[in-house]
Amino acid sequence: MLTTVSGFIFAALGVALAVGGVWLVAVGGSWYYVAAAVGFLVTGSLLIARRAVALWVYAAVVLGTLVWALWEVGLDWWQLAPRGWVVVLLGVWLVIPGVLRGMRDRPSRDNGAPLWRGAGLPLTLAIALGAVVAVAALVNDPHDQDGRLRVTAAAEGRTPGIPDIPPGEWHAYGRTGHGTRYAPLGQITPANAGELERVWHFRTGDTVQPGDPTETTYQVTPLKIGDMVYICTPHNWVMALDPATGEELWRFDPEIPPLPGLQHRTCRGVSYHAAAEADASDPCSRRLFLPTADARLIALSAETGEICPGFGGEDGTVDLWHNMPSIQQGFYYSTSPPVVAGNLIIVGGAVNDNVDITEPSGVIRAYDVNTGELVWNWDPGNPEQTEPIGADQTYTPSSPNSWSIASVDQELGMVYLPFGNQPPDQWGGNRDPAVEKYSSSIVALDLESGAVRWVFQTVHHDLWDMDVPSQPSLLDIETAKGTVPALVQPTKQGDVYVLDRRNGEPILPVEEVPAPQGAAEGDYTAPTQPVSALSFQPPPLSGSDMWGASMFDQLVCRIRFRSLRYEGRYTPPSTQGTIVYPGNFGVFNWGSVAVDPVSQTVFATPSYLAFEVTLIPRENERENYVSEGNPGFGENYGAPFAARMQPFLSPLGLPCQAPPWGYVAGADLRTGDIAWMRPNGTVRDRAPVPLPFRMGVPDLGGPLMTAGGVAFNSGTLDYYVRAYDIATGEQLWQDRLPAGGQATPMSYEHDGRQYVLVVAGGHGSLGTRTGDSVIAYALP
Numbered sequence: 126m127l128t129t130v131s132g133f134i135f136a137a138l139g140v141a142l143a144v145g146g147v148w149l150v151a152v153g154g155s156w157y158y159v160a161a162a163v164g165f166l167v168t169g170s171l172l173i174a175r176r177a178v179a180l181w182v183y184a185a186v187v188l189g190t191l192v193w194a195l196w197e198v199g200l201d202w203w204q205l206a207p208r209g210w211v212v213v214l215l216g217v218w219l220v221i222p223g224v225l226r227g228m229r230d231r232p233s234r235d236n237g238a239p240l241w242r243g244a245g246l247p248l249t250l251a252i253a254l255g256a257v258v259a260v261a262a263l264v265n266d267p268h269d270q271d272g273r274l275r276v277t278a279a280a281e282g283r284t285p286g287i288p289d290i291p292p293g294e295w296h297a298y299g300r301t302g303h304g305t306r307y308a309p310l311g312q313i314t315p316a317n318a319g320e321l322e323r324v325w326h327f328r329t330g331d332t333v334q335p336g337d338p339t340e341t342t343y344q345v346t347p348l349k350i351g352d353m354v355y356i357c358t359p360h361n362w363v364m365a366l367d368p369a370t371g372e373e374l375w376r377f378d379p380e381i382p383p384l385p386g387l388q389h390r391t392c393r394g395v396s397y398h399a400a401a402e403a404d405a406s407d408p409c410s411r412r413l414f415l416p417t418a419d420a421r422l423i424a425l426s427a428e429t430g431e432i433c434p435g436f437g438g439e440d441g442t443v444d445l446w447h448n449m450p451s452i453q454q455g456f457y458y459s460t461s462p463p464v465v466a467g468n469l470i471i472v473g474g475a476v477n478d479n480v481d482i483t484e485p486s487g488v489i490r491a492y493d494v495n496t497g498e499l500v501w502n503w504d505p506g507n508p509e510q511t512e513p514i515g516a517d518q519t520y521t522p523s524s525p526n527s528w529s530i531a532s533v534d535q536e537l538g539m540v541y542l543p544f545g546n547q548p549p550d551q552w553g554g555n556r557d558p559a560v561e562k563y564s565s566s567i568v569a570l571d572l573e574s575g576a577v578r579w580v581f582q583t584v585h586h587d588l589w590d591m592d593v594p595s596q597p598s599l600l601d602i603e604t605a606k607g608t609v610p611a612l613v614q615p616t617k618q619g620d621v622y623v624l625d626r627r628n629g630e631p632i633l634p635v636e637e638v639p640a641p642q643g644a645a646e647g648d649y650t651a652p653t654q655p656v657s658a659l660s661f662q663p664p665p666l667s668g669s670d671m672w673g674a675s676m677f678d679q680l681v682c683r684i685r686f687r688s689l690r691y692e693g694r695y696t697p698p699s700t701q702g703t704i705v706y707p708g709n710f711g712v713f714n715w716g717s718v719a720v721d722p723v724s725q726t727v728f729a730t731p732s733y734l735a736f737e738v739t740l741i742p743r744e745n746e747r748e749n750y751v752s753e754g755n756p757g758f759g760e761n762y763g764a765p766f767a768a769r770m771q772p773f774l775s776p777l778g779l780p781c782q783a784p785p786w787g788y789v790a791g792a793d794l795r796t797g798d799i800a801w802m803r804p805n806g807t808v809r810d811r812a813p814v815p816l817p818f819r820m821g822v823p824d825l826g827g828p829l830m831t832a833g834g835v836a837f838n839s840g841t842l843d844y845y846v847r848a849y850d851i852a853t854g855e856q857l858w859q860d861r862l863p864a865g866g867q868a869t870p871m872s873y874e875h876d877g878r879q880y881v882l883v884v885a886g887g888h889g890s891l892g893t894r895t896g897d898s899v900i901a902y903a904l905p
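For any residue, its number in our numbering is found by taking its place in the sequence shown, counting from 1, and adding 125.
I should point out that these hints are in silico values taken from the structure, not numbers from a laboratory. Don't be surprised by glycine CBs; every beta carbon is placed ideally from N, CA and C. Incorrect hints may appear among the rest.
To be verified - For lysine to aspartate or glutamate, the following DMTMM-like pairs were computed, each having C-alpha atoms within a straight-line distance of at most 20 Å: (1) Lys562 - Glu637; (2) Lys606 - Asp793; (3) Lys562 - Asp493; (4) Lys606 - Asp798.
Stated by the list, open to error - Okay, the calculated beta carbon distance ranges per label pair: (5) Ala151 - Gly223: 33 to 41 Å; (6) Gln535 - Gly351: 33 to 41 Å; (7) Val814 - Asp271: 25 to 33 Å; (8) Pro813 - Val130: 23 to 31 Å; (9) Thr796 - Glu753: 47 to 55 Å; (10) Ala151 - Ile741: 19 to 27 Å; (11) Gly467 - Gln771: 43 to 51 Å; (12) Arg323 - Ala151: 54 to 62 Å.
Can you build the whole structure from these sequences, using the hints too?
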């Protein structure tokens, strides 16, 4: 009976493989599944007939699968497992006594042994061979790239070429206006990092509220100035904490009204300014600047948290909607801290993606830090007129915006802004070439006037939402021509551009390479795209890269891969559906990288997830085609196409491309050489069963480097903060977080003790657990 039932199961699986296999062959994919289907069907038929030769046939299926899998992916455990575990376990099932007894047609008269023993032996040997290969794959990690990165021992204190602030403090988002995310502190080293322990844990009380957008996230990098640590929260509360105990000293609530049009609710940080001559009687001689979700810029006393009257008015507020076109609450706001340079505070803003062809402007504005008076404005749609526009004028609608974090070099007199592209993201047939010059670019503006000093474009005619997403890092780099002031810019595509920040010329080579053609109707694609010599871009996808929990959902992913349009990086969006890889999640995103200005090295956390985009022809300008309600993400009202965008996932919700999906990596900025790469993070918090398999998971958040040779990161999709040896990438320590840590750690010193501060509040659209924790670590 068991043998017959097994036969029907094998036959049913064979039918499923035959349907999928023929479909895959029809779209140009592998013939393996058709061959396997034949093997399953024949095995099933013979089992129903209770013929022992079924075991010989299935032994051939096991061996054929093993040979095919090794030919496709080699000794890569996470690639071999989904190809083979179903096949091998079914083979084990066939050699259990209950199934074998049903195959005894007659006893053997020759040696007294049952007839199945000869038929079962090849299958047993095939299973044993599969087990040997599995063990070999388990101890082999083809994705671990070993090497050693130069780590120059540096005395704690001032770092050459970096603005002079006390070494134990953190005054701006990236510590200084140079945005390196490097702390010149050496108390924590690879030798003692494993001893780190929690010192204090503060709960902000700011949690997700009804009506918040899905993208409600806690992305703040705290500041440490004097005897206070400053944080902001997703609802734009600001708090001052005691750096030694985490005790709350004061808090400010800007009372943000409900904003149904918001796509994002977050606060990446506040900005700090100290008057040249501090006045102890004036609590506003040291100020914090808070950008809010309702498009205000508020000045607060760093001492008391009270409003600083006179900045824009008695309410201490500048209205960022002033002179804006296409006013709709929630469609323009600043999620990132502004740049403070001298007596200027320079503000960009986020514009809702992919909603309408007419959106607010991406203008950059510089205000006086004391009065809030507009000093200059730079509008990508009107780049020559930088003097403040008239009260009755408006900026150019839908111009590229700078939603991420800028950097500043006050000695060279420039602010460096990473720009997104001009909406809508996936169709650019009506873009103005003069405006698009600044899309997906790094733009250097003159601090005094706002005039363009130089521009470097990372994507030509961007149709993939490949904004320049992160803060540039500024340092000095040794070259054959001497020391050069450099700018390091990571991108969503994985390229890391190393440019001379005086003029935007590449220090490491940049090559223009041919790009796929054939854009949607009414649009075009650029013939070439730039690629940096230092790049973490992944190899192009192939059918063998498709993945799943089993051979069956892997087969579905293979069919979808062959059915969607994919010609490598920069395949244009299409009505057929296009795979975008790297996806618009980005190899790098707003967390950027950490740069050691002494060793001239970079610590990075590249992520790899494929996305798919499908253009939907619009027949009605205002009808929703791909979304529900407001703000209508992906609708592109007024454009010829809406855009449906989603991760490239299997029917089980797993990535269709094989792991690893996330790494830590170290590279030399002088040569562009990647010294080491290691899969980073586990699937403990993403899998149905919480098993800590180290598969390498995506990261969203930034890393931190320290002078002690230790880097920190907390942004992986599992809930851990980890420490790494910068020289080798070896993990030194980890601690479990109460929520997703999608933020950038920072480090400070207080009373002679080095602290590492981690924020764990989760990320709504990534599905990590939300929370409100700020946690400090230090050595015992």
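Range hint 43 to 51 Å (beta carbons of Gly467 and Gln771) holds or violated = Given range 43 to 51 Å: holds, Cβ gap about 45 Å.
key: Hinted pair Lys562 and Asp493, Cα distance within 20 Å   = 29 Å, violated
inquiry  = Hinted pair, alpha-carbon criterion (20 Å max): Lys562, Glu637. Please report holds or violated.
reply    = OK: Lys562 and Glu637 at ~16 Å, within 20 Å.
message = Does the beta carbon distance between Thr796 and Glu753 stay inside 47 to 55 Å, or does it fall outside?
response = 50 Å, holds
task = Take the C-beta atom of Pro813 and the C-beta atom of Val130, compute their distance, and say whether it sits inside 23 to 31 Å.
result = 27 Å, holds
message = Just to be sure I understand the hint, the distance between the Cβ atoms of Val814 and Asp271 should be within 25 to 33 Å; is that true here?
response = 31 Å, holds
query = Quick one: are Ala151 and Ile741 within 19 to 27 Å, going by C-beta?
reply = 25 Å, holds
key: Outcome for the supplied range 33 to 41 Å, where the beta carbon pair is Gln535 and Gly351   = 21 Å Cβ-Cβ, so the 33 to 41 Å window is violated.
ask   = Is the straight-line distance between the alpha-carbon of Lys606 and that of Asp798 20 Å or less?
value = Holds. Lys606 to Asp798 sits at ~19 Å (cutoff 20 Å).
request  = State, for the Cβ atoms of Arg323 and Ala151, whether the hinted interval 54 to 62 Å holds or is violated.
outcome  = 57 Å, holds
request  = Take the C-alpha atoms of Lys606 and Asp793, compute the straight-line distance between them, and say whether it is at most 20 Å.
outcome  = 17 Å, holds
message = Looking only at beta-carbon atoms, does the pair Ala151, Gly223 fall within the given range of 33 to 41 Å?
response = 39 Å, holds
The structure shown violates the earlier hints numbered 3 and 6.
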